[in-house]
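Chains as they are written, first to last, in the working numbering: chain A, 1 to 110; chain B, 1001 to 1113.
If you are wondering where the hints come from, they were derived from the structure by calculation, not from laboratory data. Fair warning: this is a prediction, and the values are worked out from it, not measured in the lab.
No more than 30 Å apart at the CA atoms, straight line, and that leaves these computed lysine-lysine pairs for DSBU-like:
#1 Lys69(A) with Lys26(A)
#2 Lys56(A) with Lys97(A)
#3 Lys1099(B) with Lys70(A)
#4 Lys1057(B) with Lys26(A)
#5 Lys97(A) with Lys1011(B)
#6 Lys1099(B) with Lys56(A)
Take a look at the letters that make up each chain.
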Amino acid sequence: SQQGEEDPQALSIQEGENATMNCSYKTSINNLQWYRQNSGRGLVHLILIRSNEREKHSGRLRVTLDTSKKSSSLLITASRAADTASYFCATENQGGKLIFGQGTELSVKP
Amino acid sequence: GAGVSQSPSNKVTEKGKDVELRCDPISGHTALYWYRQSLGQGLEFLIYFQGNSAPDKSGLPSDRFSAERTGGSVSTLTIQRTQQEDSAVYLCASGGGAKNIQYFGAGTRLSVL
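Chain B with its partners taken away, still in its complex shape (with noise of 0.2 Å):
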């Protein structure tokens, strides 16, 4: 494609319940970062991945978050037992070449009630 899709656009869900959120990111880069924005605060790193390197997990902030890349392409998100304090914005973005400028998806909106 020709940028960062993420889906779903928007997720209602209810506390306890599990969330996938997948990122497809453009076609042969090789960096993809997970970000959590909640309402008008900056950019929380979750997760990076880069090439066939182990991922940098340090940003995860419990062990209900989890996330995986397969083939080197599209990546999920997983959130288990989903809290309100979940509630937010959950960017994607890929990236590569010697700038490693990132794009990023339009964001999944996540609501826990």
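Excised from the complex, chain A in its bound form (with noise of 0.2 Å):
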């Protein structure tokens, strides 16, 4: 299966301090996509990352890609309590399908 495996399952961090959420995934992509999910609803699209790019930013998010290990990393520097949402690694193939992880559930504690 192509489908992105994240880890850890659950996040819970104090306000202020960083958050760090890793993706894993198992064929070539075209990108990697993060998204975010309050309350079991529609996700919002947060940051996108190429094949050929190996770091973005955009504002307090990070991503990082590593195409050689097949995994990605999200970092949320500074937290704070409304940042509380699960957080999604989509991947992209050649096809233009996206698929989906299971989800990092992270907990900003004021």
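Build the complex: two chains, separate frames, hints provided.
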């Protein structure tokens, strides 16, 4: 299966700390994307990193991609209570199909 | 519309009944996906439409599930003879363009009693 696997499944931190989530996948990809989900409803796109990129920044988000290890990480710096959500990675294969991982549930305590 | 619209937002049905879930994608988006998410779980891919190509139905869990996309726009997911294990949130997403970013609807929460 191409589906990404994320770890940890759950992460609990204090406000102000950094949160790191990891994603591994199995086959060649065009790009890897990270999404956020609040309250079990629709997902919101956060950031996309292409297969020829190694690092991408967006505000307090930093994404890295290591295609040799088939892995990616999402770092949220200076976390806030409002960052509490589930975070999913999604890999796009050569045919353009996106497959999501199982997600990491992040809890940021004030 | 401004975003992906799904209806109904909630659906309660009796075991054995058929249900239809609707998705209105963002205008002009060529890709449309259906996913299923059980409580506290990840997204389970169901079906993928891309332009005029034959849909990728590889994720449909049984022949009770079917989906169509009319005119390259609105999509309907049909579940026949619903079972209790079909209870979940059904999410639709549309996308397009070089980056293939997906835009999600708010989902339909299906409860089969």
